[in-house]
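Work out the full structure: start from the sequences and follow the hints.
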Amino acid sequence: MWLALGTWLVMATGMAHAQVAPLPSFAGTWTPVSSEAAAESLVVTQSATRLTYRAGDAPAIEVTLDGSVTRQREENTEATATWTAGTLTIVLAITPEFGDTSLQKQTWRLDPSGQLVIETTQDRRGQTRVVRVVYRKA
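Numbering (the working numbering), first residue to last: 1 to 138.
Be aware that a few hints might be false.
[What the hints assert, rightly or not] Simulated restraints on C-beta separations:
| id | residue 1 | residue 2 | range |
| --- | --- | --- | --- |
| 1 | THR107 | ARG54 | 16 to 22 Å |
| 2 | ALA58 | VAL33 | 18 to 24 Å |
| 3 | SER25 | GLU97 | 34 to 40 Å |
Hints in this document: simulated from the structure, not taken from any laboratory.
Keep in mind it's a predicted model, so treat the numbers as computed, not measured.
Positions of the beta carbon are idealized from the N, C-alpha and C atoms, including for glycine.
Now the structure itself:
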């Protein structure tokens, strides 16, 4: 029994000292270096609770990083963002004034060389399209 208790205490102490890896920061200006589609520079601001990004002249998208729904000001769009390890997943539900809602899922991560990799899956009218863009910090 004492051995089991001692083992448990060692494990608990080790877990208490284990550190959680910090989440990556995507803040900055990013330039596309490879893409499966036309891509523009991306400007990202990020705090502990929010991320805002703008590609080219498109309206900025702002998301709350806690998984709650964020309604966009300029577009009829709702966004949610969640972290899984060091990967950020953003889901956009875009409903035009006249037309069908489309869903767009973006996964953001930094590769080992520090480049930003965004993979976007878009579902609209039963059609799925996946685009991968790699950016380097400008």
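*If you check the beta carbons of SER25 and GLU97, does the distance land in 34 to 40 Å?*
35 Å, holds
*asked:* Taking 16 to 22 Å as the stated bounds, is the beta-carbon spacing between THR107 and ARG54 within them?
replied: 19 Å, holds
*Are ALA58 and VAL33 spaced within 18 to 24 Å by their CB atoms?*
Because 20 Å falls inside the window, the suggested range holds.
In summary, the structure agrees with every hint in the numbered list given earlier.
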